[in-house]
Amino acid sequence: MALEQSACQKCESVLVSRLFCFSCNALQTFPNEVDFFEVLGFPISFEIKSAELEERYQQLSLELHPDFYGSAPEAEKRLSESATAILNTAFNTLREPTSRADYLLHLLCKKQKLDERSLPDGFLGEMFFLQESLDELLESGNEAELSGMREDLNGRQKNIEADYFPLFKKFEDNPEDPEILQQLQTHLNAERYLRRLLDRIPAID
Amino acid sequence: MAYSEKVIDHYNEPRNVGSLDKSDMNVGTGLVGAPECGDVMKLQIQVDPLTKEIVDAKFKTFGCGSAIASSSLATEWVKGKSIDEAMTIQNVEIVEELSLPPVKIHCSVLAEDAIKAAISDYKSRNKD
Amino acid sequence: MERIIGIDLGTTNSLSATVFDEGPEVIGEGENAVTPSVLSRIDSGWLVGQEAQERRISNPEKTVFSIKRLMGRDLKELGESVYELPYQVVEGERNLLKVRIGESESYKDFTPQELSAEILKKVKQRAEESLGEPVEKVVITVPAYFDDAQRQATRAAAQIAGLEVARIINEPTAAAIAYGLDEKRDLQKDGLVAVYDLGGGTFDISILKLSGKIFKVIATHGNTQLGGDDFDQAVVEILKSRVQQEYAEAEFDDPESKQILKKAAESIKIELSLSPETDYSLEFPKQGKSFSGVFKVEDFESLIAPMIEQTLESCRHVLKEAKLSTTQIDEVVLVGGSTVVPGVRKKIESFFGRSPHVAIDPYKVVAIGAGIQGHLLAGGRRDFLLLDVIPLALGIETLGGTFSKIITGNTTIPIEEKETFTTNVDDQTSIDVNIFQGERELIKDCRALGQFKLRGIPPMKAGLPLVEVMFRVDANGILTVSAIEKRSGKKAEIEVIPFHGLTQFEIERIMEDSFEHAIDDFNERQLIEFRQTAERVFRGIEQNWNVAESTLSEMERDEIRKQMEVVRQSIKGQDSQVLKAQLDTLGDLTRPLADTAMGRSILAELQGEVELNQ
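Line by line, the protein sequences give chains A, B and C.
Just so it is clear: in the first sequence, position 88 is 88 by my numbering, and no numbers are missing.
Just so it is clear: in the second sequence, position 72 is 1072 by my numbering, and no numbers are missing.
Just so it is clear: in the third sequence, position 340 is 2340 by my numbering, and no numbers are missing.
FYI, nobody ran anything at the bench for these hints, they're computed from the structure.
Since this is a predicted model, take the numbers as computed values, not measurements.
Any given hint could turn out to be false.
Calculated lysine-lysine pairs in the DSS-like style (CA-CA distance at most 25 Å, straight line) [as the list claims (entries may be wrong)]:
1) LYS2323(C) x LYS111(A)
2) LYS2323(C) x LYS77(A)
3) LYS113(A) x LYS77(A)
4) LYS2323(C) x LYS158(A)
5) LYS2418(C) x LYS77(A)
Can you make the complete structure from the sequences, with help from the hints?
Quick look at the structure:
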């Protein structure tokens, strides 16, 4: 999906990031609901190379950070602080596949109403069962079985993550198909139940 | 935020934790989840086949304090009510009773859904 | 360009540093660079630093040390350790700790913020004298694991000392800057660095990722109540039990005995860093008892082993947070005075499986890093950037005493998060929100930072108002909040009641007070300082008299003796300026002595001291 390019508020050059103009080094004022792809200057797509994302984050940090506005006027100082805050949030959101998928899904389905509680058939019952088994394992302190459970859950989490990319790709090719986004929502919902279980398993060295 | 004694009590000593016999024809089971946080809640009711009154209720919740207190309160409230009366319990009543903050409103929704799911399970098993 | 100096406000010692033309370095030379973080009460003010250090045994209940451990804490959190202090600590309103000085009738209470401010004033004064220019803006370092209350307390201390805080940075991060930007060292430009920082009273472990110009903290963990002080205390306990074996009835609860034991423990610790065993002798003049013995390094190491294990537990925790194993760490950097203890160093080496970097003096490295950061903030350079994290999650109290996180721990700062609140009853116009910081699930295991009172909410039916509260953590790791009612667009007022800190009003009152007493304090303080200087000059001369005999003429030695007598007379007088002039003359006469190798260390320092106090 093509990114709608904004222009610098000072020199009118095309902006890479909505927060800063690399041509004239001017901080940009930005709306509250600025989207995270625009913040980091990437097209709205699931496909982001993590090395490129990291590099852009560093590049922008080196321009926006309040450390470089120590002697600037108060308004500029404050702008640098809130711009860095949103840059940090945007980077943290887009860096991890699940939070990126979740964020992107909400951007894409602004008009479409999704069933936000959808889950694969029988999934909830299985989660309840796993939670109960986990209670027992935690009580008995069976480390071998606990780490077996963790590996199993980690594996399932990885499988879900691996599906994000092909699903978003499919949606780009068939933007009229409402089922694809619903499928993504189902994946994301399931992932959260798995994460909740994983959070309860203590780490063993 | 100051919470009433009653609320903290529901959290510290939740009522009616446990299970009812799922295979009993007079038992309805509701299993619901909150994808916002991964909470899972099971709520069961035991119905008197003649009066259609809920005579017992049990729950088990894997979730935060608000979810536990919401389901504990829900089991208290449904006991002694007819299944039709229980069907009218709204999540906002739970919110009010427990003074839940907005971030925790979904916990009350979960409890309302669990009651409805348990009743509809009972009804579907006792159609005639 | 304005100058922003760096200050390492330590538990035991405080230092300042800045970037000179030749590069970053601490301000002041030799012992003059270091101000012991000790202060001692005199009639109208405070003696700070070396002068106070010397009164630890003679005036134990009026001499305050390790004040950093009290910053932003309360009695419950400090636990038993507070009763080991020779000075009295009491708790005031809102759990605010105070140090009580004086007898039961005429006591005066001082907050840790005020006391730290006195140390900062001294550091500021010494830096100004050394640099020959006023110092107004500073970067102050704090342990990475300091929470919001402890950071706020540090900032308040600086404010009371009349300093503008350009930035609060974390000690391990400051150390990483000092290493990472030092061209002479061979620290890799890209890689993962673990900074192990064990000071007098606090411990931190931080993992940083260095890539190009960016120093990014990935995760941090620590303990703000663990440090070299605890090593000393463990030694004290052993000494006590040894003395009691000989004198069964011996009691050490008086402030003087506590100080004698503490000082002995400190020197045993230092000696054991150099040799496998050390002799010690304890004199308790009040009890008329003396005791001596031998302390072996094995005994010391087994005493501190559990404490080092605690630090390694933090290391494991932080690696897990960062999803890393020890083999992935490229470099290990040691910071803080307690890392010079060989037993500590050995354990770290075996834990990380590599020898740590110690090229920069672990006592100085934090101040130097802060000085470099000050240079960056002043606009002196922009070729690096430090991205730090908030050490502990911030959140609010929700149902049943549970902690609901709003900003998670180890999030890069600055950061902003919004949260919506509403009312429970019709026409409610205010909401109280309790703010906590920590990583546990229940608020009772987290730290209460304060209460926010949201006021000015337009009257509406219950649940209708939507008050959006913005939690903002700035680059100093300090939280501020603002609120807006979304339906009316009206700004809700926020009143913050800190649970362990000073309100802005209290800070201003303290500042006014200290200004009024400033002139009186100054005269008295100078007199006492010059008297102590004179005592030390005399000691220095006596110790080096053999040098004087071989290098000075009979006439020169006579002149020195005469001048010493003149100074002795003035010590009894009340005129600090006269005393100073005579000390200056003595300094001139003894200069040839100071130039000899043996006398240099003692007398050069003392001459520097006399000049410093001009």
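Against the structure, the hints come out as follows:
For the suggested pair LYS2323(C) and LYS111(A), the alpha carbons sit about 38 Å apart, so the restraint of at most 25 Å is broken. Between LYS2323(C) and LYS77(A) the alpha-carbon distance is near 34 Å, which puts this suggested pair outside the 25 Å criterion. As the CA atoms of LYS113(A) and LYS77(A) are separated by approximately 40 Å, the hinted pair breaks the 25 Å bound. Our distance criterion of 25 Å between C-alpha atoms is met by LYS2323(C) and LYS158(A), whose separation comes to about 16 Å.
Proposed proximity of LYS2418(C) and LYS77(A) is supported: the alpha carbons are some 21 Å apart, at most 25 Å.
In summary, the structure is inconsistent with hints 1, 2 and 3 from the numbered list given earlier, while agreeing with the others.
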